[in-house]
Amino acid sequence: MRTTRLPRAILAVLALIAALLALQPASSAAAAEPVRIMPLGDSITGSPGCWRATLWNDLQAAGYTDLDFVGTLGPQGCGVAHDGDNEGHGGILATNMAAQNQLPAWLSATSPDVVLMHLGTNDVWSNRSPVAILSAFTTLVNQMRANNPNMTVLVAQIIPMNPSSCAECAQRTVNFNAAIPAWAAGISTSASPVRVVDHWTGFNTATDTYDGVHPNAAGDGKMADRWFDALTGVLTPSDPGEDPGEEPGEGSLCTAAATTAGSWNGGWQGEVTVTNTGDAALTGWSVHVALPTGARISQVWGGTLNASTGTVTNASWNGSLAPGATASFGYIAAAPAGTAAAATVSCTAAA
Numbered sequence: 006m007r008t009t010r011l012p013r014a015i016l017a018v019l020a021l022i023a024a025l026l027a028l029q030p031a032s033s034a035a036a037a038e039p040v041r042i043m044p045l046g047d048s049i050t051g052s053p054g055c056w057r058a059t060l061w062n063d064l065q066a067a068g069y070t071d072l073d074f075v076g077t078l079g080p081q082g083c084g085v086a087h088d089g090d091n092e093g094h095g096g097i098l099a100t101n102m103a104a105q106n107q108l109p110a111w112l113s114a115t116s117p118d119v120v121l122m123h124l125g126t127n128d129v130w131s132n133r134s135p136v137a138i139l140s141a142f143t144t145l146v147n148q149m150r151a152n153n154p155n156m157t158v159l160v161a162q163i164i165p166m167n168p169s170s171c172a173e174c175a176q177r178t179v180n181f182n183a184a185i186p187a188w189a190a191g192i193s194t195s196a197s198p199v200r201v202v203d204h205w206t207g208f209n210t211a212t213d214t215y216d217g218v219h220p221n222a223a224g225d226g227k228m229a230d231r232w233f234d235a236l237t238g239v240l241t242p243s244d245p246g247e248d249p250g251e252e253p254g255e256g257s258l259c260t261a262a263a264t265t266a267g268s269w270n271g272g273w274q275g276e277v278t279v280t281n282t283g284d285a286a287l288t289g290w291s292v293h294v295a296l297p298t299g300a301r302i303s304q305v306w307g308g309t310l311n312a313s314t315g316t317v318t319n320a321s322w323n324g325s326l327a328p329g330a331t332a333s334f335g336y337i338a339a340a341p342a343g344t345a346a347a348a349t350v351s352c353t354a355a356a
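In terms of the working numbering, the sequence shown opens at residue 6 and continues consecutively.
Source of the hints: derived by calculation from the structure; they are not laboratory data.
It is possible that some hints are incorrect.
As the list claims (entries may be wrong) - Pair by pair, the computed Cβ-Cβ distance ranges are: (1) GLY343 with GLY96: 35 to 45 Å; (2) ALA223 with THR309: 14 to 24 Å; (3) TRP322 with PRO154: 48 to 58 Å.
For every residue, glycine included, the Cβ atom is placed at its ideal position computed from N, Cα and C.
Could you put the whole structure together from the sequences, leaning on the hints where they help?
See the structure below:
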């Protein structure tokens, strides 16, 4: 059998083309996908569920920008820009959701990586037992894992409820919440952790709801804070300007450290130090300040406070930081009597 040899010049050209193709950067399709987070629940989550808006903006301000809130339902107002997709179905019971096999279709349509589950309020109101509700939770978690074997589930100990039409609901909520940690410990795995988020402690139906059940603006803020603390334990802050191949410490990075300058019954004075830990100069920074439940920042110097997000951005004179340089700001916190002086801070840098 006769074979035909390609001229050496053509072979050389083909080799050059192959080499050039090998040097091309990876396509954007290979870039990391955003973390998909499904808020799952009833009207507390979806009608309108403005804690989701506060949470979204708190996460963005703290540098967690590579996120996508998902759900088959869209936003219902709240007056601020946010990713409003959710799975908060008004009036729904966890026991009915499981019995009617409703969740798999929502999962299939949205493919979440993390589920924030504040569910069970309507079950408690309908006098479903903790055993029945948690059996439904087990079904729902198994359905989540069938969709994604590595699903992270953050399950709430639900906010208190004290509706005028249900005198027993307050104690039923206590009983239900008390059973959740043992259930979660029994179903959690290393591949698909189930973590409990305490929304009950520090929440007051008289001041944090408008009807004994649904959160008002103060309640939304408390719920957002609890979800924020839980999510930052499983997420990694985004750095949009960082090349995926960079080593930690390269580019524009910063850290924040909080100290207490003085305290009194009902508040304290704090100071936050920002350090440029990268190898490039910063033109600005922002720090998210998370305080204990019920506490709020009443005054700031050396920065500008966004009270709705709990974020402090640099002043005009202390935003530019050379590598290794520091800046600081101070604040006064007002808090209920007996609240410990504490703050959890995270820094986001501007290149």
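Here's how the hints hold up against the structure:
1. GLY343 with GLY96: 35 to 45 Å: About 37 Å separates the Cβ atoms of GLY343 and GLY96, which means 35 to 45 Å holds.
2. ALA223 with THR309: 14 to 24 Å: 23 Å, holds
3. TRP322 with PRO154: 48 to 58 Å: 51 Å, holds
Of the numbered hints listed earlier, not one is contradicted by the structure.
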